[in-house]
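Line by line, the protein sequences are chains A and B.
Going by the working numbering, the first residue of the first sequence is number 1, and it counts up by one from there.
Going by the working numbering, the first residue of the second sequence is number 1, and it counts up by one from there.
Heads up, a few of these hints could be off.
Calculated from the model, a selection of chain B residues having no Cβ within reach of chain A, i.e. all distances over 12 Å [said to hold, decoys possible]:
| no. | residue |
| --- | --- |
| 1 | 231 |
| 2 | 246 |
| 3 | 303 |
| 4 | 304 |
| 5 | 311 |
Which bits of chain B does chain A cover? Going by a derived footprint, with three or more residues having C-beta under 8 Å, they are [unchecked claim]:
| no. | stretch |
| --- | --- |
| 6 | 50-61 |
| 7 | 178-188 |
Not everything, but these chain A residues come out facing chain B in the computed CB check (under 8 Å) [what the hints assert, rightly or not]:
| no. | residue |
| --- | --- |
| 8 | 8 |
| 9 | 12 |
| 10 | 140 |
| 11 | 227 |
Everything labelled a hint here was simulated from the structure, so no lab data went into it.
Bear in mind that the values here come from a model prediction, so they are computed numbers and not experimental data.
For every residue, glycine included, the Cβ atom is placed at its ideal position computed from N, Cα and C.
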Amino acid sequence: MSTGVVQVAGELIANRRVGAYHHLTLVAPGVAELADPGQFVALAVGGPTSATLLRRCFSIHKVKPSGTYGGTVDIVVAAHGPGTRWLAALRPHDPVDVVGPLGRPFPLPAEPVACVLVGGGYGSAPLFWLAESLRERGCHVEMVLGAASEDRLFGVVEARRSADAVHVTTDDGSAGRRGWVSDVLGEVVDRTEAAVVYACGPMAMLRSVTEVAGRHGAVAQVAVEESMACGIGVCMTCVMPVTGSDGATRMVRSCVEGPVFRGDRVRWDAISGGVTRVPEDAVGAPRAGGH
Amino acid sequence: MVDMSTTLAGMRLPNPVLTASGCAANGKELQRFFPVAELGAFVTKTVMRDPRSGRPTPRMAETPSGMLNSIGLQGPGIDAFCTQDLVWLADHGARVLVSVAGNTAEEFGEVVDRLVAGPAWDCVVGVEANISCPNVANRGLVFACDPESSERVVRIVRDRVPEGVPVFAKLTPDVTDIVAIAAAALGAGADGLTMINTLLGIVIDTDLLRPQLAGVTGGLSGPAVRPVAVRAIWQVTAAMRGGRLPTAPVIGVGGVRTGTDALELVAAGAAAVQVGTATFNDPSAPRRVLTELEAEVRRHGFDRFADVVGIAHERMVRP
């Protein structure tokens with residue numbers, strides 16, 4: 001387990017509307033210095049007497065270890081519930097309690113291989129920073145960004161700066177090619193001879209990205225978005241069935257063992273319809289009359 | 001200087017603030033935020049005999065000032081717990097209250113046997129019998145809902161835990177008469193009581209129009225349940241003070257987020273307090289509550305924590 005984590009009284013310094021999302025910049029001293037692409041922060045919402053107790057977790061969009069205000073962390077928020085609406089309504093200088101960085105980052109390849117980065121909706125948030133890290137290592141990087149519609153894409157302009165090429169898909173055809181990211185991914189992997197596909201977005205997308213990557217000879221590294229109560233590994237709510245190097249499937253915490261997993265290790269067969277079952281062959285799975 | 005020490009059935013702790021079972025994992029995660037050895041004791045996640053995967057997800061639903069959880073006692077099983085988790089806690093100087101459970105009364109006994117025989121038994125300052133889990137032999141009814149089942153489990157656990165190490169029975173408030181269950185547990189040899197476990201609830205997802213939890217029902221916890229905890233502690237403490245129950249220490253748990261919250265449970269009769277769901281909101285909560293509770297005791301002019309325990313029973317205004 002990584003030990004580099006801090007809890008800090010953060011402060012919002014910028015809140016910008018970007019399409020359907022809010023792009024927040026927080027001063028959070030100590031977090032930026034420790035963070036790597038793929039890690040996330042857990043924010044308390046509603047203030048110290050809030051009736052909304054559970055932390056909201058966001059992958060880190062970017063960090064600036066030492067700016068004018070001290071270390072800053074950027075996140076992207078889709079305001080669809082009471083916690084995210086509270087965050088989206090924050091104004092400069094409002095306090096926010098920040099815990100981070102949390103989770104395991106994207107593993108980076110030892111060799112300068114080609115990589116494809118796939119983002120669904122605002123799931124693309126951590127990928128630009130990842131792209132820069134990969135290109136610093138000499139990797140050729142292409143990005144595939146997809147969403148339901150143009151306003152739900154995040155970071156297309158930034159992607160053109162961070163990557164060698166960018167491919168866009170939307171379900172309704174309002175931007176880029178009409179269809180899903182998985183429709184174009186195979187061709188991009190083949191042409192670039194990519195060794196790794198990194199992806200972040202909804203579960204169904206991560207599953208199809210894993211399948212396409214596998215068929216085209218690339219390893220998928222996927223960052224999952226499981227709902228979490230704490231983000232730090234104590235509540236056991238964010239578990240997923242993942243097969244370990246010993247071949248055994250366990251219900252592992254996506255906040256500490258993830259959020260990045262090798263796609264081919266995730267038991268997608270157990271995940272559907274908003275429910276993740278415990279595979280019958282998982283360690284400690286219920287037996288007849290059990291739990 | 002306030003003397004914050006507390007003595008639970010002969011076991012002296014430097015202070016009365018503990019983690020709550022299932023809200024702190026087994027220590028490593030929280031150690032990143034404060035030294036777990038600074039707590040009065042660390043209460044482990046309930047351990048059962050065999051490894052358990054727990055339930056499907058979604059396992060949680062947020063509720064006003066609380067949450068519903070349906071984890072299903074996921075855990076590594078007693079053997080891995082003893083050789084890994086408990087050894088880690090011992091190495092880090094923690095005093096440990098181990099929460100145990102079984103699918104049957106006899107399984108509770110097996111868990112305790114292996115715990116006592118394990119390499120880190122010396123750091124154990126008590127055993128908490130989580131009798132609020134389903135009894136497979138009794139159609140899945142939780143042990144703590146039935147005085148006889150509670151009694152059978154507590155008797156076995158008390159028999160197997162060496163003398164000098166106290167046994168606490170953790171009770172559910174989901175019963176008609178919690179004093180009757182407390183009487184059964186104490187009659188069977190429990191040295192103290194932990195109150196309360198979660199309350200059973202259901203949340204409906206109003207988009208999908210189905211239960212939000214994959215396991216349908218879950219345990220309600222958080223500040224929303226605090227008055228229920230205070231009530232349960234009050235009723236049992238009042239029965240002890242009235243001579244209707246043998247006197248025994250009560251560990252209070254339920255909705256504690258601040259030192260003032262903890263003080264409520266203490267004034268109602270709790271000799272120690274566990275911090276649970278608040279830890280999800282603030283990983284430093286258990287340590288912070290200790291600092292805040294000490295300030296509260298001082299604010300009221302006491303120099304010993306022990307003098308505040310149950311004080312509300314003496315200050316009642318009788319009409």
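Against the structure, the hints come out as follows:
no. : hint    : verdict
1   : 231     : 21 Å, holds
2   : 246     : 34 Å, holds
3   : 303     : 29 Å, holds
4   : 304     : 29 Å, holds
5   : 311     : 25 Å, holds
6   : 50-61   : holds (count 11)
7   : 178-188 : violated (count 0)
8   : 8       : 11 Å, violated
9   : 12      : 19 Å, violated
10  : 140     : 37 Å, violated
11  : 227     : 7 Å, holds
Hints 7, 8, 9, 10 from the earlier list are contradicted by this structure; the remaining hints agree with it.
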